[in-house]
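*Asks:* From just these sequences and the hints, can you work out the full model?
Same order as they appear, the protein sequences are chains A and B. If you count by the working numbering, then the first sequence holds residues 1 to 113, one letter each, in order. If you count by the working numbering, then the second sequence holds residues 1 to 113, one letter each, in order.
The set of hints was computed from the structure by calculation and includes no laboratory data. Just so it is clear, CB atoms sit at the ideal spot from N, CA and C, and this is done for glycine as well. Be a bit skeptical, because a hint or two may be false.
[To be verified] Taking lysine to aspartate or glutamate pairs in the EDC-like style, the calculated list, with each CA pair at most 16 Å apart, reads:
#, chain 1, residue 1, chain 2, residue 2
1, A, Lys68, A, Glu56
2, B, Lys16, B, Glu68
3, B, Lys71, B, Glu53
4, A, Lys1, B, Glu83
5, A, Lys1, B, Glu53
6, A, Lys105, B, Glu44
7, B, Lys15, B, Glu83
[Stated by the list, open to error] Listing some non-contacts, in silico: residues in chain A with all C-beta distances to chain B over 10 Å:
#, residue
8, Pro8
9, Ser28
10, Arg61
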Amino acid sequence: KQEVTQIPAALSVPEGENLVLNCSFTDSAIYNLQWFRQDPGKGLTSLLLIQSSQREQTSGRLNASLDKSSGRSTLYIAASQPGDSATYLCAASNSNSGYALNFGKGTSLLVTP
Amino acid sequence: EAGVVQSPRYKIIEKKQPVAFWCNPISGHNTLYWYLQNLGQGPELLIRYENEEAVDDSQLPKDRFSAERLKGVDSTLKIQPAELGDSAVYLCASSLTGAREQFFGPGTRLTVL
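*Replies:* If you want it as structure tokens, here you go:
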């Protein structure tokens, strides 16, 4: 079964700083990798989806990369803002498991003013 | 376009009571997922539907959990009887097909007393 690990578990940065969240997965035969944001008591908001054939995806201040050979993905957040404070989850899907998402435990991000 | 709708948002019940959760996916999405999220953990798949067919229910505790997706649109997840350990957030997600980006609803937070 695909195992997904996220480090760090928690991160606190001052406003304006650039930061990187890390995600690793055990089965490199992924179909796609998705990054989500979860605010307290809320559902998951999809941020970026990277297909296995892609190396990176960008949306605004967010950039996600994918390196299948090393089993790693990173989420880069530029010029962080207090509104970015949330839990960030990465999830990998594999074709041999019906494309269901296997999630990490998330990184809890706090951006302080 | 409306997102994934779930109800109720919160539910508190006594142990051994039955409970049901409802999900309305994004219009046109053929694939529907139910995930379970425990506190501090990433979501875990319970069941996946392709149209009205449950194609992956290997993680669904069938002694007490059941689900249905009549007519391939709305879905209901039921627990009978509920146990203390069932307290969690139940998330519904949908995608155009199993291989595409998944979109999540706000979840139902269940508390079993």
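*Asks:* Work down the list of hints and note, for each, if the structure agrees.
*Replies:* Evaluated hints:
1. Taking the CA atoms of Lys68 (chain A) and Glu56 (chain A), the gap is near 11 Å; set against the 16 Å cutoff, the hint holds.
2. Pair hint Lys16 (chain B) plus Glu68 (chain B) does not hold up; C-alpha atoms about 21 Å apart against a cutoff of 16 Å.
3. At most 16 Å may separate the alpha-carbon atoms for a hinted pair to count; Lys71 (chain B) and Glu53 (chain B) meet this at roughly 10 Å.
4. Restraint check for Lys1 (chain A) and Glu83 (chain B): not satisfied, since their Cα atoms lie roughly 27 Å apart, outside the 16 Å limit.
5. Of the supplied pair hints, the one linking Lys1 (chain A) and Glu53 (chain B) is violated, its CA atoms being roughly 23 Å apart against a limit of 16 Å.
6. For the proposed pair Lys105 (chain A) and Glu44 (chain B), the alpha carbon gap of about 10 Å is at most 16 Å, so the pair holds.
7. The hinted pair formed by Lys15 (chain B) and Glu83 (chain B) meets the criterion: a straight-line CA distance of about 5 Å does not exceed 16 Å.
8. No beta-carbon of chain B comes within 10 Å of the beta-carbon of Pro8 (chain A); the shortest separation is about 14 Å.
9. Every beta carbon of chain B lies more than 10 Å from that of Ser28 (chain A), the smallest distance being close to 18 Å; the non-interface claim holds.
10. No Cβ of chain B approaches the Cβ of Arg61 (chain A) within 10 Å, the least distance being about 20 Å, so the stated non-interface status holds.
Against the hints set out earlier in the document, violations occur for numbers 2, 4 and 5.
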